[in-house]
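Turn these sequences into a full structure, and let the hints guide you.
In case you want the letters, here they are:
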Amino acid sequence: MSIKDQYLVKQEPFYQAQGREIALYEAAYAAKLPVMVKGPTGCGKSRFVEYMAWKLQKPLVTVACNEDMTASDLVGRYLLEANGTRWLDGPLTVAARIGAICYLDEIVEARQDTTVVIHPLTDHRRVLPLDKKGELIEAHPDFQLVISYNPGYQSLMKDLKQSTKQRFTAFDFDYPAAELETAIIARETGLAEGMAAKLVKVGQAGRNLKGHGLDEGISTRLLVYAATLIKRGVDAGDACRMALVRPITDDADIRATLDHAIDATFA
Amino acid sequence: MTHPQVQAYWTAVDCGFEQVADVFEECVYEALTAMRRPEMEAYLEAARYLGKLGRGAEPMLVFLEEWPSVVHAIGGNALPPVIDLVRALQKSPNSRAITPFLQTLAAVARRLQSPGQLQRYLDIARDLMTRTTGSIHGHHSTFPSPGLIPLFEQSPFLLNLLSLGGLKNWVEYGILNYSRHPERQQEYFALELADSRAVLQRERRGTLFADVERQLDLYLRALWRDADQLVPYSTAFDEMRKPVPYFDKLGMRVPDVFEAERGIAGIDRYRAVLAHMVGHRRWSTAQIADNWSPFQRMAVEFFEDCRVDTLLIREYPGLRRLLLALHPKPVEGACDPETTSCLRHRLAMLSRAILDPGHGYRDASLKAFVARFHALLQDGPASTADMASLALDYVAKTRRQSDQLARVHFDDTVIDYRDDNRHLWRYIEDSDDEEFFDDPGKTLAKESEITGLPPRHYPEWDHTTRTYRPDWASVYEALHPSGDAADVDRLLQKHAALAKQLKRLLDLLKPQEKVRIRYQEEGSELDLDVALRALIDFKAGSQPDPRINMSHRTDGRNIAVLLLVDQSESLNEKAAGGQQTVLELSQEAVSLLAWAIDRLGDPLAIAGFHSNTRHEVRYQHIKGFSERWDDTVKARVAAMQAGWSTRMGAALRHAGHYLSARKADKRILLLLTDGEPADIDVADPAHLRADARKAVDELDAQGITTFCLSLDPGADDYVREIFGHRWRVLDHVAQLPEKLPLLYLSLTR
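Those protein sequence lines, which keep their order, are chains A and B. Mapped onto my numbering, the consecutive letters of the first sequence carry residue numbers 1233 to 1499. Mapped onto my numbering, the consecutive letters of the second sequence carry residue numbers 3 to 751.
Since no wrong hints were added, every one of them can be taken at face value.
Listed below are the simulated DSSO-like cross-link pairs for lysine-lysine, each with C-alpha atoms no more than 27 Å apart in a straight line:
| id | chain 1 | residue 1 | chain 2 | residue 2 |
| --- | --- | --- | --- | --- |
| 1 | B | Lys665 | A | Lys1393 |
| 2 | A | Lys1393 | A | Lys1442 |
| 3 | A | Lys1287 | A | Lys1270 |
| 4 | A | Lys1365 | B | Lys541 |
| 5 | A | Lys1364 | B | Lys541 |
These are calculated hints, taken from the structure and not from any lab test. Predicted model, so just to flag it, every value in this text is computed and none were measured.
Following this line, the structure appears as structure tokens:
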């Protein structure tokens, strides 16, 4: 198995389009434009990227960013060995070499000095200088950079620099509309449509409270969790409390309100 | 008195009062329905005793009339304790309270429902009697308890609102706070004081609006995407006409308390009320009322309410259980159409039948209209106009002559989660009886009356009962008057040498807090721990971690400070061993501190406070967090005056309210005072101390650090009690201008 095959997405992931994003992404990929996917947590950003990689039959290299990540974690580093050193490519370098889609998840979590290494790859140059190794990598023609970023929950201190933002085309994701979300949950878990619709109703009650004590609404991902539990025979009310309410809040008033919403929805 | 048995009874009570003779026979007949022989004997014996008290016919008369109802409610066993209390009253100076006690006893017993409960009520009354009956030299009780008679008079009303535990707390509060003030005490127990009403409100049974306001707000947002001002109305004091929920352009009006009813918790009753109002706001349109009779309007309202409820249930099916539990279930045939107006009853039955598929009513026309209703709502929400035509048809079809009768059947027809539907009607013509209360000129005059900000009310901690006194202190906030800024500049000039020294210190302090960033591949220093670990890994033949360096990053100070200056009368005294008053020294110190902090760049606010009883705590704004140390602020410092007393707790709470709104890592409240908390309306110095202590605890819980700099050399005793270990006493007051900025710098270093 070549290194390229190892990064291919083997099975078709389920993705339900919310608009024209698939066609738009394909156009961006054809022009090799870098893409930024914005949206709240659990609304399907990562699933979308995975699906596109599968659809285009390109390898996908995913990096989950964190604040301890340095530039060399992306680019690569020399490793010490008993009798000398050896260079090891980082995920970004690998992607640039083999022509993969490199997906940097939650890019704002990484420190700002780390994010600048992607700059030369994201404009007309499409090169990656490895200064320690003294090598300049020309990106493979199939290489594309995708970043995801959640503008909501991070602190005010964490934001992308303008110079980084302005290198990307962007998709703005949000939780799907009610019918669509119902269909997604039903398709993903095999739960009956009527039940899924009720779950969505509870989810929307939670989303209405965003900014009034909740930092983020109830995500599609959590709704899928609840549906999975119900599908396994858990009582609907218990499943909702466990999967939808308890994870997102410690505030007694909000908990009581959402519990009531569950009771009112599941008669 | 014709019956020989009654004659025998009359002889037994041995009474000469004519008023009693007039009603005796009736009383005996009523008593016989409730009591058996031994009880009857006890009853007559007690009546005889009351007749011989020497207090006229009244106690006996009242007893004879009221006691049978008491026995009806809780049985005859309660007589001995009642007579015991009467004896106790008779022996004390409170014998005048016997009549009011007996007068309200029946109403109280009906409310309490058991002899055990009545016993507790008697205990509460006895407790009040013994603790508030006045004495001279502590030996002989001579003055009657001022609160006892009003308590007996109010008790049926009180027990309507309070549980016995609540009544006990309410009485306790009155005893503790008004035992030395007979007139106030009487007003308290007669519910004439604002205080007594506030405590009553706090002790009420059920779910208080104030406790669930946020939850209801969240409920509206989460489930209905609606938001409006929620305005509570009082249900306690309006006895004639119980107010009903409603909404208008000023907000949604809901009762201030809901008791659990028919198995539905108070909070759920609130939710039902709000859901119904939201339904009207979503789906109802106003109708023109002029051409319809009151009956027709009532029918339209019922139908429209049903439509709204049906749509609500369609939205959230779980609401059906809630609404059905709250909806009364009128009994078919409970209303006699020959003698009573039954329209209300019919409509309530219809309403029940529409919401409850298992209603079980047999009336054919009712069923027909239920079917027509559901047919209308089959495909969509229908409209208010549809309901109106259905309702008019209903009134016409089911109309009976007796609907016009004055006697209306009300049982089981009041659906209390529904609002009064005032939004449903529009009138084209003003009715003849309309009165105009609003004189446009009047409201204008009223507005111009307000000169300052309205007061904010803060509770005060009562350490003897370990409860808060609700809304006790009124804090008025105002902008401090201005003087001449040049005065302050002169003061600063005087301390030029000190300023220079401070400046050196400030420069040292400026490059603040360094934060270490570890696990760096490239950094300014080697991180020894990590480097050693990496070396060990390397020697052991495994892959070493290359991130062995660390670097530093300077972090800005994130502090918000509020300096609260005591401006009480004592500041006008001369400082020991100097010519300056404490006030002047405080001005200098505040100026220097403000100057220093301004250079440091931390946000600082300054406020002064003093008080004239709990009704007037003044909080004067001198400098806001975002104001610079400039001439306007200096002018306010220059105009600082001293007067009145030191009610510390209220000022601390108010200051804390501003600090808690600041987003800073560290929030500091610096209090500069020259004495212990005191006010002219408080006799016990421990009270305000305990309150201040409580206020400091509250601030602590909000993440605000309170620090006190006291200028009272004898402060150690109480300042430790109030501020824990966060205080310093400045013995040599003349050093204040120098010490205050230094203190601040050392506190925040």
